[in-house]
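A.B. asks: Given next are the chains, with one letter for each unit.
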Amino acid sequence: NAGVTQTPKFRILKIGQSMTLQCTQDMNHNYMYWYRQDPGMGLKLIYYSVGAGITDKGEVPNGYNVSRSTTEDFPLRLELAAPSQTSVYFCASSYGWGSYGYTFGSGTRLTVV
Amino acid sequence: ELKVEQNPLFLSMQEGKNYTIYCNYSTTSDRLYWYRQDPGKSLESLFVLLSNGAVKQEGRLMASLDTKARLSTLHITAAVHDLSATYFCAVDTNNNDMRFGAGTRLTVKP
Chain A
1 NAGVTQTPKF RILKIGQSMT LQCTQDMNHN YMYWYRQDPG MGLKLIYYSV
51 GAGITDKGEV PNGYNVSRST TEDFPLRLEL AAPSQTSVYF CASSYGWGSY
101 GYTFGSGTRL TVV
Chain B
1001 ELKVEQNPLF LSMQEGKNYT IYCNYSTTSD RLYWYRQDPG KSLESLFVLL
1051 SNGAVKQEGR LMASLDTKAR LSTLHITAAV HDLSATYFCA VDTNNNDMRF
1101 GAGTRLTVKP
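If you read the sequences in order, they're chains A and B. Position 24 of the first sequence, counted from 1, bears residue number 24 in my numbering, the numbering being contiguous throughout. For my numbering, add 1000 to where a residue sits in the second sequence, where the first one is 1.
In short, the hints are calculated from the structure, not lab data.
Listed below are the simulated DSS-like cross-link pairs for lysine-lysine, each with C-alpha atoms no more than 25 Å apart in a straight line:
{"hint": "1", "chain 1": "B", "residue 1": "Lys1003", "chain 2": "B", "residue 2": "Lys1068"}
{"hint": "2", "chain 1": "A", "residue 1": "Lys57", "chain 2": "A", "residue 2": "Lys44"}
{"hint": "3", "chain 1": "B", "residue 1": "Lys1109", "chain 2": "B", "residue 2": "Lys1017"}
{"hint": "4", "chain 1": "B", "residue 1": "Lys1056", "chain 2": "B", "residue 2": "Lys1003"}
{"hint": "5", "chain 1": "A", "residue 1": "Lys9", "chain 2": "A", "residue 2": "Lys57"}
{"hint": "6", "chain 1": "B", "residue 1": "Lys1003", "chain 2": "A", "residue 2": "Lys44"}
{"hint": "7", "chain 1": "B", "residue 1": "Lys1003", "chain 2": "A", "residue 2": "Lys57"}
{"hint": "8", "chain 1": "A", "residue 1": "Lys44", "chain 2": "A", "residue 2": "Lys9"}
{"hint": "9", "chain 1": "B", "residue 1": "Lys1056", "chain 2": "B", "residue 2": "Lys1068"}
{"hint": "10", "chain 1": "B", "residue 1": "Lys1041", "chain 2": "A", "residue 2": "Lys44"}
{"hint": "11", "chain 1": "B", "residue 1": "Lys1041", "chain 2": "B", "residue 2": "Lys1109"}
{"hint": "12", "chain 1": "B", "residue 1": "Lys1041", "chain 2": "A", "residue 2": "Lys9"}
Kindly produce the complete structure, drawing on both the sequences and the hints.
C.D. replies: Below, the structure is given as structure tokens:
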């Protein structure tokens, strides 16, 4: 099993550009999450989804959008990239809420210049 | 708002020594998680603690949870170099979310 797959691994964007970070999981998990990790810090939740067609905001949603059309995929869209969005982005999934740890993807390192 | 504080943030210890990392949180929660992150890598789940008094052990690491004190500890026994990593605790917010601590960067020296 591949687990949680994120693409791309690295990306440099210019201010004002847009991009989509891809996330796919093959574990049939209902719950999926997007986190960002700034240098030397813990993770902060951007958006999450409890199933196909259902998404909700996390702690730091501004500047981002998500969709969940299938159980497997949970793309994160950055519109009008800003330097403050320079970070490492992690996608994660879990079977359910509360009783399970998360499975994390390998991360996308994004730099906005 | 739930706040999660870890200490110490940086820990340098010698091989063979014991040490404890602390994770305090500010509001009621029954679930706490410990993760390990190697430099430039993703997070790996270590422990899931689901109730007051829960204790879990894996190799040289042991985690415990005291929900009344809002405190979890990660105890390291006879540290070895391979344990060098950043360790995060994360607390369930009861709202489909985990709030992470800032992490403890552990370096084990020979």
